[in-house]
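*Asks:* Please arrange chain A on chain Z, whose structure you already have, making use of the hints.
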Amino acid sequence: MRSPFAYTPRPGPLQSASPGAAVAYLGALTVAAFLYSNPIVLVAAGVALVLAGRLAGAHAAVRAALWMGLTLALLIVAVNALVVSRGETVLLRLGDLPLLSNVITAEALAAGAVLGLRAAVVMVAFAVYSACVDPDRVLRALRPLAGRSALTATLVSRLVPVAAADAARLRDAARLRGPAAAPVGRVPLARRLLAGSLDRAVDVAATLELRGYSLTPSDTPQGGALVGRASVRRSRYDRRFYAVGAVVLAAATAAKLLGADAFAEYPAIEVGATPATLALSAVLVLSGLAPLRRPIPQPPSRRTASNFQSLRWKI
Amino acid sequence: MTARRGKAVAIALLTAALAAAGCGLGPGDGVGEVELTVTRDYGTVPMLSRQLGDVTESDTVMRVLERGTSITTRYGGGFVQSIDGFEGGGGDGRDWFFYVNGLWSPYGAAEYDLRGGEAIWWDYRDWSVGERVAAAVGSWPEPFADGYEGRRHPTAVVCRAPGEVCAEVSRRLREAGASMVGEGDDDAIRVLVGTWPLLAGDRDAELLDKGVRQSGVFAEFAGSVGAPRMRGLDQEGAVARRFGRDAGLVAATRREGAPPAWLVTGTSDSGVAAAVELLDADSLHDRYGVAVEAGEETPLPIR
Chain Z
1 MRSPFAYTPR PGPLQSASPG AAVAYLGALT VAAFLYSNPI VLVAAGVALV LAGRLAGAHA
61 AVRAALWMGL TLALLIVAVN ALVVSRGETV LLRLGDLPLL SNVITAEALA AGAVLGLRAA
121 VVMVAFAVYS ACVDPDRVLR ALRPLAGRSA LTATLVSRLV PVAAADAARL RDAARLRGPA
181 AAPVGRVPLA RRLLAGSLDR AVDVAATLEL RGYSLTPSDT PQGGALVGRA SVRRSRYDRR
241 FYAVGAVVLA AATAAKLLGA DAFAEYPAIE VGATPATLAL SAVLVLSGLA PLRRPIPQPP
301 SRRTASNFQS LRWKI
Chain A
1 MTARRGKAVA IALLTAALAA AGCGLGPGDG VGEVELTVTR DYGTVPMLSR QLGDVTESDT
61 VMRVLERGTS ITTRYGGGFV QSIDGFEGGG GDGRDWFFYV NGLWSPYGAA EYDLRGGEAI
121 WWDYRDWSVG ERVAAAVGSW PEPFADGYEG RRHPTAVVCR APGEVCAEVS RRLREAGASM
181 VGEGDDDAIR VLVGTWPLLA GDRDAELLDK GVRQSGVFAE FAGSVGAPRM RGLDQEGAVA
241 RRFGRDAGLV AATRREGAPP AWLVTGTSDS GVAAAVELLD ADSLHDRYGV AVEAGEETPL
301 PIR
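Protein sequence lines correspond, in order, to chains Z and A. Those letters in the first sequence? Residues 1 to 315, per this note's numbering, in order. Those letters in the second sequence? Residues 1 to 303, per this note's numbering, in order.
If we strip away everything but chain Z, and leave its shape as in the complex, we get (with noise of 0.2 Å):
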């Protein structure tokens, strides 16, 4: 069973751009989502990475995302509920239990709020950039950098997936033997699953030594040049997500610096929605198109031109 979460080529700019670039944009988004507390700021930097994911044909990773992110805020805003008896608004009160606050108000459900849906727009941002970057440019760009962990990186990326695989089908063929057969516990399975990954990662070394990783670059008969090849290539999108990920950073340090992110959950609640928060939640919002895809105008089709032969010869 595929991740919803894992890199699907498409022909898309995100897809297209250099994971430096579509990292520049996806982060900008991020760090605004970081700093700010305002909800209406909050809340257009999750529209724009819906946007942004949907437009990339991330629609699974986004769906997914949202779920995720959105059950987890809603944990967050029950945990900070129970627990935190700051805010004038009083909700209900709980009596005097261990741990717990004595109050639910409606300031610390607010408070929860904002907490949770910073992490379901930080998540949504890491979906979109899991589902649309590729992790092997990723790490053809980080090699340099780090050549061991990148490699360890690469394995690892691939043979999670591939673990999870395995467990499905070892779980579908419990499951083929039928009603009457014992059930398969977590421990034989993991104990299973174990012993086939070893099995593998064997196999993987032997491989890698065969095509001669554990060589230098020096010692291979290309030299350096595996370097050189390894270079990660430009795209033409690379430019517009640079251009939108700096713009997002300007537009939200700005903005910062004129107030924008005038919030208060406690003592009672207060969100300010000061031109500059919708200045800023417009530019974030927008931002969110970067990922459009310009119509090329394409060539008349085969069918058009014979329609239009068919035309010719009923003239």
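Quick caveat, the hints were computed from the structure, so don't treat them as lab data. Think of the CB as a built atom: it goes at the ideal place given N, C-alpha and C, for glycine as much as any other residue. Any given hint could be a false lead.
[Claimed, not checked] Examples of chain A residues lying across from chain Z (beta carbon under 8 Å, computed):
| id | residue |
| --- | --- |
| 1 | 23 |
| 2 | 24 |
| 3 | 62 |
| 4 | 92 |
| 5 | 106 |
| 6 | 110 |
*Replies:* Leaving out everything else, chain A in the frame of chain Z:
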């Protein structure tokens, strides 16, 4: 049908248990009035003094303050940042401190539950020396009338002065609402009455010898046993005034974990008698301590 009935019974039992544990919708029942006082600079500049009558069982010091003033908070709503525009925690070394029934609170304002009848006093002041002024006399008749930290405590007069002086102190305390007990009660708020040489060895009074950072009292005694001298300190702990022969002092202090102790003392018997006359709301309100000499009352610290 049985399963449905079982579910209904379980819900009814859970509701009853929650109600018994004190659960309920909204802020709950009223518990009476509290007095809210806001001042600056050790009580010398009054900003607000108000009786708030709509206090409920779920109210805290912070909620009551929010109702009476305009505030901002920090550290997730746990600490007061500003009241009516006066910001604490800045570079000038001033911040907001609060006292409930004359005692510095070991909890934050958002965690201090109210039971009704409390005198809450917020003061915006320098904290370089008086960071831990554990007790103040400015909420008279508290803590004698309603106690502190959620329950009433008895009051014991430790008499080291002529009988009629101590009798007058007891009378004033009883009028204030104190329930009087003997000296031996460890739970009692102690009121030490006598000239300074006779009190100096007491476990509470000896805090004054350790300085203002330990005692929280902006006064000190010097000189010989036969001729003690009292000196008033400013907010930086420096000597700002030397009092004469017949000076009196009313101040409060507190050892960690012990009940507070009030000092009604002086450099002579007439100084003590003058200090006894200060035991009323007019002289003590919004004061950390008060010195008296020749009928002239001087709030402490000296400005």
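*Asks:* The structure should be examined with respect to each hint, and the outcome stated for every one.
*Replies:* Verification of the hints:
Annotation: residue 23 of chain A was flagged as interfacial toward chain Z, and the flag holds, the nearest CB pair being 5 Å apart, inside 8 Å. Look at residue 24 of chain A: its Cβ gets to within about 5 Å of chain Z, closer than 8 Å, so that hint holds up. The beta carbon of residue 62 of chain A is positioned within 8 Å of a beta carbon in chain Z (closest approach about 6 Å), and the interface hint is therefore held. The interface hint given for residue 92 of chain A is broken, as the beta carbon of that residue sits about 23 Å from the closest beta carbon of chain Z, more than 8 Å.
Given hint, residue 106 of chain A at the interface with chain Z, is violated; its Cβ is 17 Å from that chain's nearest Cβ, farther than 8 Å. A hinted interface residue such as residue 110 of chain A counts as satisfied when its beta carbon comes closer than 8 Å to some beta carbon of chain Z; here the least separation is about 4 Å, so the hint holds.
Checked against the numbered hints given earlier, this structure breaks hints 4, 5; the rest are met.
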